[in-house]
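First to last, the sequence lines map onto chains A and B.
All the letters of the first sequence, read from the start, carry residue numbers 1 to 304 under this note's numbering.
All the letters of the second sequence, read from the start, carry residue numbers 1001 to 1526 under this note's numbering.
Keep in mind that the hints are not guaranteed to be accurate.
[Stated by the list, open to error] Computed cross-link-like contacts, EDC-like style, restricted to lysine to aspartate or glutamate with a CA-CA straight-line distance of at most 20 Å:
| no. | chain 1 | residue 1 | chain 2 | residue 2 |
| --- | --- | --- | --- | --- |
| 1 | B | Lys1017 | A | Glu276 |
| 2 | B | Lys1494 | B | Asp1382 |
| 3 | A | Lys196 | A | Glu276 |
| 4 | A | Lys194 | A | Asp273 |
| 5 | A | Lys122 | B | Glu1315 |
| 6 | A | Lys65 | A | Glu119 |
I should point out that these hints are in silico values taken from the structure, not numbers from a laboratory.
The model shown is predicted, which means the values in this text are computed figures rather than measured ones.
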Amino acid sequence: MSTYEKYYVPEQSRFPIYAATSLFILVMGAASTINALGQPDSMSKYILYAGLASFGATLFFWFRKVVQEHLAGLDSAQLNQSFVYGMAWFIFSEVMFFAAFFGALFYVRTFSVPWLGGEGEKGLANMLWENFQSTWPLLTTPDLGAAYTVPEKSMSFPGWDKILTWLPLWNTIVLLSSSVTVHMAHINLKAANKNKFNIWLGVTVSLAIFFVFLQALEYYEAYEHYGLTLNSGIYGSTFFMLTGFHGFHVMMGGLMLSVMLIRSVFYNHFKPDPHEHFGFEAASWYWHFVDVVWVMLFMFVYIL
Amino acid sequence: MSAVIESHDDHHHGPAKGLTRWLFTTNHKDIGTLYLWFSFTMFLIGGAMALVIRAELFQPGMQIVEPEFYNQMLTLHGLIMVFGAVMPAFVGLANWLVPMMVGAPDMALPRMNNLSFWILPFAFLMMLSSLFMEGGAPNFGWTFYAPLSTTYAPPSVTFFIFSVHILGASSIMGAINVIVTIMNMRAPGMTLMKMPLFVWSWLITAYLLIAVMPVLAGAVTMMLMDIHFGTSFFNAAGGGDPVLFQHIFWFFGHPEVYIMILPAFGIVSHIISTFSRKELFGYSSMVWAMVSIAILSFVVWAHHMFTVGMPLAAELFFMWATMLIAVPTGVKVFNWVATMFRGSITYETPMLFAIAFVVLFTIGGFSGLMLAITPADFQYHDTYFVVAHFHYVLVPGAIFSIMAAVYYWLPKWCGNMYDERLGRLHFWLSFIGVNVTFFPQHFIGLAGMPRRIPDYALQFADWNMVSTVGAFLFGASQILFLFIVVRTVMGGKKATPEVWEGAQGLEWTVDSPPPYHTFSTPPEVK
Ligand code: HEM
Ligand SMILES: [Cu+2]
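Looking at chain B on its own, in the form it has when it is part of the complex (with noise of 0.2 Å):
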């Protein structure tokens, strides 16, 4: 029975030969593979941003760039982090696994999926091109606050608008065809909640991207519409109010933030049970502690805002509804933890990474907790505390979760196994170079340096040259880290079906590689 219908003769369902096979292709793991490649190219580009901005900190003073030059590279290094480097590798995983996941040849929408991939070099490419106009890149920070993103801002916001609107377009497309996937390509018996934990994290970022990214697109709308066309919806004198620039940015904001951490709930969820050689210790309450981490992110942006002057009312609402939702978080942590209990724990590079990230992820939700009380926010805001906390949840959490899961599946992608020895120790020195850099910064926050100024005052000294020096040892650790993924597509010891002993779930019954389209007839789901 031929259950692939396919409108040409080859019927080996193998890829096509040379350059087009990557810009005409609508097979999922072409496509996964390709977002992860670009991430990675991101994550590089940015990365130097950082090193940059770390360079210019190593010392008081001014020493390596501009102010302005500064900014730029500021801005741009957490764009291209936020949406160049962390959310294509988390679509780029959610097409290499969840059609295996769910027993589907395919994702719904192949060619719609080509379509949201190709976007985003050209979004990257118009945005990185601001660098090299008249009055320079967009130096507004990523949260582009009006006035400084409408009134004040460089020529180049035209361009890094339109950038943001055919980024969210592309976002959108791959929310839906996640969404559709998993809605409609579900083998049989394969029930909502029998579904893998990655997949359910995915089905719930899926529907927060479509319900965020449009509102952001009204934002940058609004911000063109003041610039060029006259309106003043971020204009006081006008009757609007740069306060509902803040509104409308982090109602995107922070759903947004959970849009990078929950696809990691859902990896780190996998790679812990495998490596502990236990069941995940409540699936059900992992789902549902998502659930309503998913829908609280919607009530709670204003704990951005604290210092800006809202009404006592608000301020007392989204400091008790951003603590609640540690209640769910914490959820997620002890069941973790549960689930290592007592199990018989092997040391692999994955399960490194996902036990660096639970530590070190729960420090970033402790120092959250912090800045949601209001009053004591009133002290941390536009501190490097923040900065502390929110790379803590993103470096050792994303990123260490996008890191997990290259280092989990990749011998499944491409038959071989890495290179155990060298993945610790890439593990290591990501490990402390990523504390090297953050943990003294919350130290410098709390003592007051302010975020985003190139200069500071020369009590501060001491644990910025530490923080550079850090921030370099996390960057050089990373080219290791490519030299390692090459070297295992390049070849090494084969895979077996299985790659670890242990793992649950339908990527692991089908051959390493797996064929070009996996499921040409739907598996069994018990």
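With the rest of the complex left out, here is chain A (with noise of 0.2 Å):
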């Protein structure tokens, strides 16, 4: 029973009663700076932001301890298959909060937007905008722009002649390479070069922060240039939802996989043995499915 002699039970502990203060603080500190949107002297942000910080500091002590737990070799094999399972489990909930967000994107250009433009069987739903045609890129709204701002372009293909100033295209090239460089960085940890090791994943890291620069400029472009914002209808709304979240998602990636290069490079930590490099392999994991959700994305919101 060799693997089961080593059941890790770690003692009592303060971090989950702080991640939860915590996490109160700052929801209730979001929810009251969103409500008080229009009041500018509201002191709810300070809420919000002290929510944050502790938030924040409790989650990097509690990964400390638990990288400090490894080290010191309390933990086990066992243990280890726990994170592996623990984190594939995770990725997959991240994959149906994904999943609700397309969702609504094919809902609407299948069902809603077609009847609301008088197609199908549930046509009859023109007769509230009567003027409304269906298209999509939807540059317009139902109620043509009475309570929305209607976009003038879309982020769509825009033709091979533009395709090199197209945005997303890059991104993709971005995101594409980015998965590969972490997995060249895999490879050389598991064949014991850790300077390579070191070398790829830093460039993993610049191509996330190149991604996340483009997606800003992309933001930026259609703000001031497109007129598209959240509030140009379903089509920005959706838009912008996937696109944000899939960023937010990035910048969350790009985080974890910048942890562990500040690990591998100032800590020496990480070997070949996969036993000792789970949290490497988890962010790259984290970041292989971030990175088949923009593919969805650029085919379903880009292209298609």
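Dock chain one against chain two, each of which comes alone in its own frame, and use the hints as you go.
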């Protein structure tokens, strides 16, 4: 029963209750801040900041403790396996989060917008706004912009002549390459090539930052030059929410990878044995997941 | 051989003293206890709100509360019972039982376990605090359909949204913990098809939770954006659709109702087998029935939306898919009955609750089948018939199974036997209370009384009065339950390790109460 000799049951811990309390402060702050958006002198945002800071700090010390326990040899192969399963199921939950937004996109594209335009089985809906015609990307709204700001241009494929200035294509190239580089890092780690590992991981982190930069550029374009905003009807809603949550996940994944880079470069963590580098591997799984989501976005939001 | 490694010197593995034991604990039994007491507290709060509702409905006309407040009570009652009472109770039972049943020392990720619990009190503090906010608490029903929950919502909806967010985070973490424990911590020899059915039921439940809680998070996020940041997911003027909200909500919502009943299936299977002194009639068919129910639960959601105006093909598809669920459900019911058939049955309190579960849950299943018939549902939808249906599956279904579980395992947990006479009294009061409350709601529903309205036409008066009397009886008998449990925890006849003659499973091989870390070395599983 060798693998079972080392059940690791951690002693009492203060981290969870700190995390729960700071999460509470965070969401109370967030809700009050959002409710007070019209009042610039509201103090709620400081509650939000306090929550963010304490939640971030708790997570930092919590993760640090887990790493220290690992380095002290307290954990076991079994615990490591628990982390592996845990991470996999966490990523599955993220998949389902995106599924909700993709589901909304498919629903409006196949059902609600055509119906509002008078097509299909529920085309009766057209009597709400009789002048509305269904198209996609939707550059108007059924109420013809009465309550919304209608965009001039969409983010979709602009035609072959303009392809080189089309940011989403560059975004795709950047993100796909970063999946390759993080994989190269992993190969080198397993081959005990620590230097190359650091370099490839560094390249990945730079690509992540570059992606976020391009994405910010794209949002700037949208808001400043295309008139495309959150308030542009369902096209803008789905576009910004899908790419926005994806961008947020890129930042999270990038943060994870940077932490791994710092741990590797400054603390010489991670060894070739899979048991000795799951932190990195988990971050790289997350990174591949973010990449797959982008491929879906590229297809269903930008191209099709 | 010291098998449990602890990073401190205390080798007794006993609990810490004082309040910090509960705040900082990483022990699955402590956390299970916290969940169960929390759930009971929420059960009483949500129950008090139900009594406000029933008191208002005692007679036609406006009697006690304002309509606005009535709506807030209705909404909070539903949310509290679903997310605060039933779900945490099952997570508490999973905490107590899953590690013991699979032969593990604790849950796989003990610190995250503590975090999952402690998020809950904060989330409900946040939700309940909305009662004192300007505009009052959420008033749009527990299903929070847009645009009631967006365009026409009180400002407190923002707090509601974030509360749902952290509740979801708690559920996802709890579910990950259960799955990982089951997949990774089983004692050697405990193959999947040797796992106790409660463990199986929770494996499937946890999978459902991880699949649908993020979808709920997506739904409330879209609401938040629609309300505050100008998007138009649920607004047709911008090209969205309020019906989209219902699709997303029920894609979460229907699996959610199975989240609230699958663990009950597991519990009842254990209890019926023990008190019939027979092996379960068909173990593997029970497992496969649960797996099929879980899979089907993803393709039936729109049976809640038959009247909303869907294409005909969708109406038909969701009707047939829903009816299909009756097949595996029937497999389970026949299984329980066949287990009892020719058994040497004794009627201790857990068994009474379990038998009542089988009978009354089946009634709820049948009314569900009636609702699944699309043309019939055009009549029944949004009437008290629906209220009767889901209360039959939730109260004598989920809640009775939880009570059965408490009576069944409480002697194991605290080492003392409960008072059998009082337990039976509690059962009969609850049984009568539940039926007097909810059976008449079938009649007034079929006669056309709409749900979610504080006033009604005169012809519904008699049965409403009966229903309210039943509700107060049921409510009062839960005080007796509290009394019985507290008394048992404080003392009483000592329980043996087996507790029940013929009970099967690893948890009955250890002392009552079990050691703080149950299995520090993995037990033998044959
Ligand atoms: C044989 C199994 C079942 C079938 C065929 C079934 C069918 C249905 C249908 C068609 C409705 C919608 C009625 C309407 O709104 O017009 C409904 C509502 C409902 N069911 Fe079931 N059901 C079943 C089992 C369950 C179980 C096991 C639970 C929970 C433990 C449950 C909880 C609910 C709830 C909470 C609602 C009402 C939601 C609301 O509108 O507030 N059902 N059921
Ligand atoms: Cu349903």
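Here's how the hints hold up against the structure:
| no. | hint | in the structure |
| --- | --- | --- |
| 1 | B/Lys1017 with A/Glu276 | violated, 36 Å |
| 2 | B/Lys1494 with B/Asp1382 | violated, 50 Å |
| 3 | A/Lys196 with A/Glu276 | holds, 17 Å |
| 4 | A/Lys194 with A/Asp273 | holds, 13 Å |
| 5 | A/Lys122 with B/Glu1315 | holds, 13 Å |
| 6 | A/Lys65 with A/Glu119 | violated, 59 Å |
In the structure shown, a violation is registered for the earlier hints numbered 1, 2, 6, in ascending order.
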